[in-house]
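Chains A, B and C are the protein sequences, given in the same order. Each number in the numbering used here comes from the position in the first sequence (counting from 1) with 22 added on. Each number in the numbering used here comes from the position in the second sequence (counting from 1) with 58 added on. With the numbering used here, the residue at position 205 of the third sequence is 204, and numbering never jumps.
By construction, these hints were calculated from the structure, which means they are not laboratory data. A couple of the hints might just be wrong.
[Unchecked claim] To give an idea of the chain C side of the interface with chain B (calculated C-beta under 8 angstroms), a few residues:
| no. | residue |
| --- | --- |
| 1 | 26 |
| 2 | 30 |
| 3 | 43 |
| 4 | 256 |
| 5 | 265 |
[Said to hold, decoys possible] The calculated lysine-lysine pairs, modelled on DSS-like cross-linking and capped at a C-alpha distance of 30 angstroms, are:
| no. | chain 1 | residue 1 | chain 2 | residue 2 |
| --- | --- | --- | --- | --- |
| 6 | A | 152 | A | 163 |
| 7 | A | 154 | C | 24 |
| 8 | A | 129 | B | 349 |
| 9 | B | 349 | C | 25 |
Yeah, the Cβ is synthetic: ideal placement off N, Cα and C, and Gly gets one too.
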Amino acid sequence: MMKDNVDAKVGVNAMDVKFTAKDVQVYYGDNHAIKDVSVDILDKTVTAFIGPSGCGKSTFLRCLNRMNDTIPIARVEGDIRLDGEDINAPQVDPVQLRAKVGMVFQKPNPFPKSIYDNIAYGPRIHGLAKNKADLDEIVEKSLRRGAIWDEVKDRLDAPGTGLSGGQQQRLCIARAVATEPEVLLMDEPCSALDPIATAQVEELIDELRQDYSVVIVTHSMQQAARVSQKTAFFHLGNLVEYDDTTNIFTNPQDTRTESYITGRIG
Amino acid sequence: MPIIWLVLIVAAIAGAGYVAGRARAMRSVEGDHRKLHSLPSYYGWNVALKAIVPAFILAVAWLLIQPLVVSSSVSGMLPEGAIPENSSRGLIMAEVRRAADGLDMAVETGSISPEDARSDAAEAAEISQVLKDSGAVVTSELTEPILRAAQRYRALNATGHLLMTGLVILLSVIGALWGIRESRGDFRARNTVENGLRSLLIGAASIAILTTLGIVLSLVFNTIEFFRLYPAADFFFGTEWAPSFSGRGGSSELGVLPLLWGTFYVSIVALAVAVPIGLFAAIYLSEYASKRVRSVAKPLLEVLAGIPTIVYGLFALLTVGPLLLEIFGKDGLGWMQAGTAVMTAGLVMGIMLIPFVSSLSDDIINAVPQAMRDGSYGLGATQSETIRQVVLPAALPGIVGAILLAASRAIGETMIVVLGAGAAARLSLNPFEAMTTVTAKIVSQLTGDADFASPEALVAFALGMTLFVITLGLNVLALFIVRKYREQYE
Amino acid sequence: MTDTSIPKDAPRAKTSIHQIDALTKKRNAAEKRFKAYGMAAIGIGLFFLIVLFTSIIRSGAPAFTRTVLEVDFTLTQAQYEEAEGQLFKTAAYSDFFIAELEETLTADGMSVEFDADTIERILGKVGGTLREYYRANEDKLGEPVTFSLATSSRVDGYFNGRVTRDGLEDSRFLMAADLDLVDALEEAGIITSEFNWPFITGADSGVDNPGGAGIGASVVGSFFMMLVVLALALPIGVAASIYLEEFAPQNRFTDLIEVNISNLAAVPSIVFGILGLAVFIQFMHLPQSAPLVGGLVLTLMTLPTIIISTRAALKAVPPSIREAALGIGASRMQTVFHHVLPLAMPGILTGTIIGLAQALGETAPLLLIGMVGFVARGYPDGFLQGFVEPNSAMPAQIYTWAARADSAFYDKAWGGIIILLIFLMFMNILAVILRRRFERRW
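Just need the whole structure built from these sequences, with the hints factored in.
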């Protein structure tokens, strides 16, 4: 009989582990969406979650910064630790957690505000800037990190909704970076973008790896292969296989992974 | 009830036509209805429609035009000399009409014979005595010309009705016969009926246009008439509202400014109550409330919107007014003289508008995409930060639209201010003073005893025009803003 | 990428998510406050609702009870002839009545002095009522008849707390001393409270007789108006909606209609009253105060509501139904009338009932077409007369009472509101049931 879940222990130094998840279950009402997922996510690494649609990869991603709290019918069980601290512990304020674990969404969702205010929103609510000059600096730095500074530096007062799709998504990444998170979660960040914008965002992700642990959900295996060092394959709510990206794509251990990668399921 | 009889007769013709048309169509194919172009009933309907529709249109047109023709004809026979110094032709015509109605009534009650009512020999004094005795309201003695005009008025009307009845029945019969003649097997009855039906549907839809037209025309004509009797500049810029109650005197001051001020003051108080409460209620219901709370609280709040305004008016007059008077009146703070005041009406109107603001805002807040909220939560914002800094700014245009609609409601509201705001027109800043509004004065000017042709009554139409223009402007602006807002997220 | 030289600043000090920092505490407090504002807003709204309904029920309840004096009275043939022979006939009847009442009270062991004026203040002109009865029923002479006589509105007020002994200023309506007799009569069980049927079934009284005012005639007036609205607004509204939703081409004319409908929906109701006055009464010379005219005005006012809800109901019928019908060769007209319309009917009826409820409670336009300011003294003579004979309507009648000087009418106004709200409640419940029962989701 085939094992449903791998024991996702990769031989790495424990110091490098950012997130540890053990036996995570997620229910949407009666629907058991995530079954017994255990995984370690490394710091300063891009980890890709792949799998057919509806396999639970996005759901699991949303567990990592407790975004599932905003869905009334969702219920999360199991143990998820950030730097060894249980994120579902009762004393944890999800607001503080999300400041550390930023998120970028599938569809670019800039606020209906100016570009400047979009970036400044996070630092303002978390009280990161001491004064206006400080805030200006954070905004500029974040826009540079988001690789969009050169395109928008002359129109910081223009509404963020007026940018092109690719620019909007980089703006959203810059916005997430501005709160100085330790982990960046990206939920199919390129699915609404054209190939050129996708390439720009992928390049950006590769750069962000130097400072952050990045977790990216993608439906594109090519993208996972291009940007990630680690890949986790989800299927029907189970974590089927988790390994170095090169191993997954060249030498998958599970037949389901192999079927997916060769295009037989998905 | 001759009209009812006419309706019944035409209906009978149509019914007979239906049967005849259907039967004739069936006969033309020797009873085999498969050979007909359309189902048999369509042949019947074709005849019925042809019997009813043209006759109906003729009757309606006749009823609309006849009063015009009769009035102008009767008015023409009144000599200049019959119009007293300080009166107008319109006033005299109203007198004529009343006399004619009085005669009708007297004939009906039997206090005068139909012949006497018609006869040229009838004495004006004698007739006016008869009319007074029989309870018909005749304000003054009838003069000879007025009596003759009234008799002519009755005669013309009677002839007109008779003529109309005859022509309508004739047209109906012709229509029916025409339809029956058409009823042959190869006649495309279904298409004809459907085209006719389609025209009827268009006609029904056009009633909206006719209503607007009716509103605009009745306001415009009477307003022009008013401005002929009273200078427009004094109306728009006058700061004094003091109509004389005698009706005909030229001493009335009819400045609209105090009324507009009262209207706006009451509306502002109302919005100051309704907007914060309504908006926060909407925010709570759409963002925080659990499904259960929402399913209870939302309909309960909306009950407030379903309560007739007369109830709120009474509530203002008898509950809120005395309550405020207790707090702010002589025994309390001493700011308030009487229960009816801007505050009373504004507060109650505010309560009425809470569900209006909250339902509209609720819809608008719900239309803000979830992605917007997710983006904010993803950055570690709390729910209130998300609402205040992301959701509300995104919904702002829509909320502004909703508030404008509420303002238009407040400005046009009548019963609450009639009962709760007081009757004195006043330019004052004290919200505990009685003031009056445009709508309240429309009611009081048109429900008094003033003659319709006097400036004191006609001013109501100018007020109505002002009200119509203001509310229309607000509505158009609000709908424009809301529509723009909806497009943004569609 | 371009910005490889991003200044690397020192990483933020490691914080634990298990410790809430000061800023987060402050933010959470703000969150709680904000949420509390929302709850307070809901609370205030519901509080107003409760205050409104308690004041309606508390103030309206007295209208539904009335105080009656129930007493056995025997008039002999001789007394009858004697009274009829006098100059002031009703006064004679009063005297007989007082004498007998005094006898009854003394028999019960009470001794209260009273005169004809007291009786008149408590009961109104009782002699007239008696005379009318005996002239119509001469056969009852000589045998005891139980009379149920309504007391005056002040005595009513004394019983339901509106009039108090201390607050009462002696007037020709009621003296404080009269209340002694009232108390005695109550103790003897002669004055009792009963359900005020005449209020439900009766017509309006004059301005000087609040006790006798009833809402029945105006309910009938409202009924005839609603008949007119139903007979006109439903077919016209449905026809207009069918045209706009199913047939109208995309052109200027259609746009014009649409714009007109959405604007009419927001025109103040008083403006419709002006329209009614100018067009139906001044121009077409339809009778003033007639339910027919009121119905016409309310029809125009209700049409936009009905059209908007009917269109929503038609829109909710999925296109597949239309395609199915068209596919087997039905004409567009047949498709609409045989398939779409029946499916949309529950929605249309719901919208119509809600529109009718709105029209039933509307007052302002009725003021302008003369449905206030006179006394609707009776029921119409027949069905057709019901449309054209001057009458009042429920909200107009309530307004008339509220505008009268005598505060005894306020009870009636509140009572009228309770009746009006009961009607509205039934209509809304009917609408909800219709929606629940027949609502289909595709």
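Structure-based check of all given hints:
1. 26: holds, 5 angstroms
2. 30: holds, 5 angstroms
3. 43: Where the cut-off is 8 angstroms and the nearest Cβ of chain B is about 5 angstroms from residue 43 (chain C), the hint holds.
4. 256: Residue 256 (chain C) check passes; min Cβ-Cβ to chain B is 5 angstroms, inside 8 angstroms.
5. 265: holds, 4 angstroms
6. A:152 / A:163: holds, 15 angstroms
7. A:154 / C:24: Judged against 30 angstroms, a Cα distance of about 24 angstroms means the pair holds.
8. A:129 / B:349: Judged against 30 angstroms, a Cα distance of about 28 angstroms means the pair holds.
9. B:349 / C:25: holds, 28 angstroms
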